[in-house]
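What follows is the residue order along each chain.
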Amino acid sequence: MESKILLPALSPTMEVGKIAKWFVKEGDTVASGDILAEIETDKAIMEFEAISDGVVEKLLVAENEEAIPVNSPIAIISGDDDTAGEEETSSEENVSIDLKETTISAVPEAPREKLGEDLSLENVSFKSQTVREALRDAMAEEMERDELVFLMGEEVAEYQGAYKVSQGLLDQFGSERVIDTPITEHGFTGLGVGAGFAGLRPIVEFMTFNFAMQAIDHIINSAGKTLYMSGGQMNCPIVFRGPNGAAARVAAQHSQDYAAWYSHIPGLKVIQPYSAADAKGLLKSAIRDPNPVVFLENEILYNRSFDVPELDEYTVPIGKAKIWKEGKDVTLVSFGIGMSHTLEAARELESIGVDAEIIDLRTLRPLDKDTVIESVKKTNRCVTIEEGFPVCSIGNHLSYLIMQEAFDWLDAPVICCTGKDVPMPYAANLEKLALVSVPEIVQAAKSVLYLEE
Amino acid sequence: MVKKSVNSKPKESKEELLKLYREMLLIRRFEEKSGQLYGMGLIGGFCHLYIGQEAVVVGLEAIAKDGDKRITAYRDHGHMLACGMDPNGVMAELTGREGGFSKGKGGSMHMFSKEKNFFGGHGIVGAQVPLGAGIAFADKYRGNKNVTFTYFGDGAANQGQIYETFNMASLWKIPVIFVIENNQYAMGTSIKRGSSTPDLYTRGLAFGIKGEMVDGMDVLAVSKAGKKAADICRKGQGPYILEMKTYRYRGHSMSDPAKYRTREEVQQVRKQQDPIDSLRDKMLKWKIASEDEFKDIDRDVKKIVNEASDFAQKSPEPDVSELYTDVYL
Chain S
9 MESKILLPAL SPTMEVGKIA KWFVKEGDTV ASGDILAEIE TDKAIMEFEA ISDGVVEKLL
69 VAENEEAIPV NSPIAIISGD DDTAGEEETS SEENVSIDLK ETTISAVPEA PREKLGEDLS
129 LENVSFKSQT VREALRDAMA EEMERDELVF LMGEEVAEYQ GAYKVSQGLL DQFGSERVID
189 TPITEHGFTG LGVGAGFAGL RPIVEFMTFN FAMQAIDHII NSAGKTLYMS GGQMNCPIVF
249 RGPNGAAARV AAQHSQDYAA WYSHIPGLKV IQPYSAADAK GLLKSAIRDP NPVVFLENEI
309 LYNRSFDVPE LDEYTVPIGK AKIWKEGKDV TLVSFGIGMS HTLEAARELE SIGVDAEIID
369 LRTLRPLDKD TVIESVKKTN RCVTIEEGFP VCSIGNHLSY LIMQEAFDWL DAPVICCTGK
429 DVPMPYAANL EKLALVSVPE IVQAAKSVLY LEE
Chain V
800 MVKKSVNSKP KESKEELLKL YREMLLIRRF EEKSGQLYGM GLIGGFCHLY IGQEAVVVGL
860 EAIAKDGDKR ITAYRDHGHM LACGMDPNGV MAELTGREGG FSKGKGGSMH MFSKEKNFFG
920 GHGIVGAQVP LGAGIAFADK YRGNKNVTFT YFGDGAANQG QIYETFNMAS LWKIPVIFVI
980 ENNQYAMGTS IKRGSSTPDL YTRGLAFGIK GEMVDGMDVL AVSKAGKKAA DICRKGQGPY
1040 ILEMKTYRYR GHSMSDPAKY RTREEVQQVR KQQDPIDSLR DKMLKWKIAS EDEFKDIDRD
1100 VKKIVNEASD FAQKSPEPDV SELYTDVYL
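First to last, the sequence lines map onto chains S and V.
Each residue of the first sequence is one higher than the one before, counting from 9 in my numbering.
Each residue of the second sequence is one higher than the one before, counting from 800 in my numbering.
Just chain V, same shape as in the assembly (with noise of 0.2 Å):
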């Protein structure tokens, strides 16, 4: 298993190495902050932390146009924080109140933002998928050159219907692009254990899709790679299948008790394929930022995260007004 990834010096300025880093720093420490928030009670029900796997969203997010969409499954924060999303209405959904994305109706499953092209934020494995591909259709019925990322997981990677939507996708040349984000575990189900093929870029080739499989620890690889498969779909010669092999530090959820994998294979990860320190250490090596640059963004990161923390905890839960409102236009 070839994993492409980028070991030379990159051709992104270092304005955008910077924004890179700084992006999954923001999701990591958001993230950290959200599993703190839960444990104190005042985040509820399901919360899927991104920890890990920064580099996927922040890598395409990079390489997105105006006007391109987003849409995912319930693994959702850092993919709204790489597109712009604001992390107050980002936390302040989290805690389910009237500042959250969707006036704390929704929660860490279910956000959107239609200013930023983001559709969600979606609780069943796997539906996000033809809706993926029903977005990027919109786009090719209005006859436009945008593209749709629809992101999902190893485990959605079972599900009938992305059999269903790749068909479709590949018949009718829809502008998606599929980035399986393979974080090697669907909840506690280890891919071995829960698919017949490991090679999960190769899915689509029985539609005609063609695919690649990218080192998604490596922020750099992902976005040359998002670049190419984004520029196959704006030709017209989509769709295109990335997958991206990523690693959750966390839990499935805030509840997993992690028998299924060992610590210290967590830790290794951790400790040599980190995305965050990894584009650090090469910046440094590169002598492209210093310490002090990295010490900055990281003071800077932290005071959006408290004062998103902060908002979170302020604001006020939605008025009971709003139980019977949006259910209907």
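Bound conformation, chain S alone (with noise of 0.2 Å):
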């Protein structure tokens, strides 16, 4: 029988070829695996295979004819009866291959995200903690509460962690589960997601996020969007926590906040707790949320005390601000580090009387965004806080959605304050002038208020 061979497609946008070169003639024969002929696309000279046994019966297209368009006939060959169950090779002429145009208005609405409540902290008696003994806690509470919990990283057994964090775990749950990795972030990083894709639930902690840039590839191409890619079969639930931002004159390479960076990431849930309370509740949120978590600390909030509520299962919900302080003036967004410039920065307005409202966003995605909308459509102005840098930052991005959905209340441009576009010098003057600072809040407080100096 015969069949028809088609231009084939030799690359995702190939549109057009011509045949450069013809390798068989009318009347060969020819067996699979043949070259048939050279096809010039725009790319490059390709040759082309025979995919069946047959003989060349006809050449429909000469050497060096111009544009020829893909899945049009440029040969027929007969089929070699001989093979067994040969009669569909034909088939592929039949086929339709016009697949339905999507069209833009057919892009279906994101879903809302569902969001959890606070627990009810009446009649609950609170302990004061750091927020380094608080993270410790979650980890453990979920440890026992969890077999499948381990923790990784640099010095989290033995060394008690670079940062005490995990002090006492390795005592408490032995070396199988606290477990001391080598200095390999990209290594250790990739085996903790495959754990994950396994079942285990890993808590893998990195000395600083700043060298979780070696292991961005398994954070965002393997953890984050495994599941996707997997159509819905292949989750990952594992915590990559340790501290982020600035820390104290450790220069460009040991500052840098990442909240923008993860936050771009569909397929990741981004944490940035201030308090201790949230920090523990949160952490534990992320421990027993059956998908990637990256969870963002910092260094110089670690010995910050707090008051913690004293509750067998105290657990904050991912993707809910806090709303800090009521006011009616003005709406100080903030979350990690940056809340507390914020917090500083509102008691000096209250000083002036300046009544401010201060969200703590403590989830950066999924990012409570109605929290947002309705403080500003009270106050009618908003500033955001944050340290990371101003391009493409988390305030840009809640900039953006208070335009789209408060336009009319608003009576100010919003202003974003941030970390300066400069890599974080080491010179103790420029460190601080890199920061964001309570003044700058101050100001642009001020300003939004329309406040005379």
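Simulated from the structure, these hints should not be mistaken for lab results.
No false leads were mixed into what you were given.
With a straight-line cut-off of 27 Å between C-alpha atoms, the simulated BS3-like cross-links for lysine-lysine are:
no., chain 1, residue 1, chain 2, residue 2
1, V, K810, V, K1023
2, V, K915, V, K1027
3, V, K1027, V, K808
4, V, K864, V, K810
5, S, K33, V, K1058
6, S, K386, S, K328
7, S, K29, V, K1070
8, V, K1058, S, K26
9, S, K51, V, K991
10, S, K233, V, K913
11, V, K1094, S, K12
12, S, K51, V, K1058
13, V, K1102, S, K12
14, S, K29, V, K1058
15, S, K33, V, K1070
16, S, K328, S, K385
17, V, K1023, V, K1070
18, S, K428, S, K440
19, V, K972, V, K944
20, V, K1084, V, K1023
21, S, K233, V, K915
22, V, K1113, S, K12
23, S, K386, S, K333
Stretch by stretch, here's where chain S covers chain V in the computed footprint (C-beta under 8 Å, at least three residues):
no., segment
24, 837–845
25, 890–902
26, 908–914
27, 917–929
28, 935–949
29, 1109–1123
Using N, Cα and C, we set each Cβ at its ideal position, and we do this for glycine too.
Could you use the hints to bring the two separately framed chains together as a complex?
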């Protein structure tokens, strides 16, 4: 039986091609795998093989004939009837390849995130704890609760944690579950992600998130995208955690805030807590979450003390902002160490009679947009505060959302207070200038309120 | 360089041998059909065919036990078929349809089957290697005797993360078999032009990992070496490296100008070392099976592949509502 040989697409973008050279002539017998022709595309000249045995009946296209469309017939080959079950070899001619064009208007709306509620803390007693202790307790409680949870990272076990966050965990859970790794972020992060695919619940500690750049392929490509790429089959319940952002005097390569970087990625959840209570409650939620979670801590905050609820099961829902203080004049939105500057700025503003509403985002992805929008509709003014770089910052994204959803309520353009657009300098005076500061936040709030100096 | 080949009459039963033949042929025909559908524009993007390398994955799957895991890079269709994934679902994923293993959202390079312990299908060269060690780590953590076959190519063998993984896998005695599919070309760069040392099975020695070179065109040699490696890993004495000397007949991907090797080189391997033909010839020589039996298998395999092709063309594209599903669980 005869089958038409069609000009094949040899690359994702090829639409036309030409036969640079025929290697067969009419009457030739060809076997599967024999080179039939050289086809020239926009990219290269490629050989084109026979896919079944047969005899070349006719060549339909001459050498060097220009711009032959993909899928137009170029030769007729009669099939080798000796081969069993060959009757269908020509079926490809009849195949319709007109796939429905997906129009822009057909893009469905993105689903709304379902947000949990904070636990009621009425009649609950509190104890004072540092962020460091709160994080440690969160890990210990979750490791107690679920045997599949384990911690790995550099110096997490014998050394008791480079910042002492994992202090005591080795003694409590043993070296099978608290694992010192070699200094190989790329490798151990990939290993952790693989363990997550296989159903364990790894906590991967980075000594700082600056070093996670060596491993970012596994955080994004392996952990973040696999659920989608597998059509929902393969999730990765993993937490990547460690200090993020500037500490003090450690200069450019050890001072970056990665909030905006990871928040860019669909498939990752991103948390950056401020208080010890939120650090504990959110880390517990992150460990229980079936998705990959990037948990950004801060070295300077580790030693700060906060009131932490004395509850056996204290969790904080991922994706829920917290209104730290209600106010009516201006909305200040921040997260992580930025909250520390923001609260100080709010106290100064209060002394000049400005009543600021303060929102701690706590989770950056999914972002609790509603809480911010509601607040801006009330105060009509907004300042965002973060330590990261200014370009494509979290504040930039918030400004866009506010512009889209609360434009008519705004009485002034949003101001984003960020770190400066420079690598972090070492010199103490320059470092201070590079970081976001309380006076800048106060000034920004005054600007959106049109208050004179 | 001594490659371990099997030339004496094997201990495998007739049924086992015919199964090996059938599995290899299924991959060959499936991949030929994939190439065809790609040429027709029904498969888009990147498509890396496994033609020529069939003995590697079929030989290893023959000795895999229940609960063993496997992971590979993007030349992955053969691995999926060999571990028992439905050809219809694989082909429908290639055409980007809802009946595909990833509902059309992964494509040729990104397919998974939790049921068959196939962990992908990964598009980043070398990334599957620490992932594979992590999957094997989970088996060790749980205290079972399973192993993970972690496949990568001669090109990936130069990636830094491979050596980070070798170090941890050896340090922690992780039950992972590193299967280096040395098809001798990293895209268009021959191993001589890309590797300072060509014997990839020795690459683990610095980390205390033993390895051996295997004739990856001989499915029986592959099985034999695979069984030995798996036994070592099951006893907690892993990891282990198997360097499979193999060859791909087709280009790196579909758009490959094939200017980095001669046509004669390819034809010579096809004629002298083809894994499917050579098993068939041996079985005929040893009078284990008849021409008719092979013809029956050929017919069955062709039918399966044509059904897969039909299914992959008839299965609808994913519903637009699938755009936003499976981002989070």
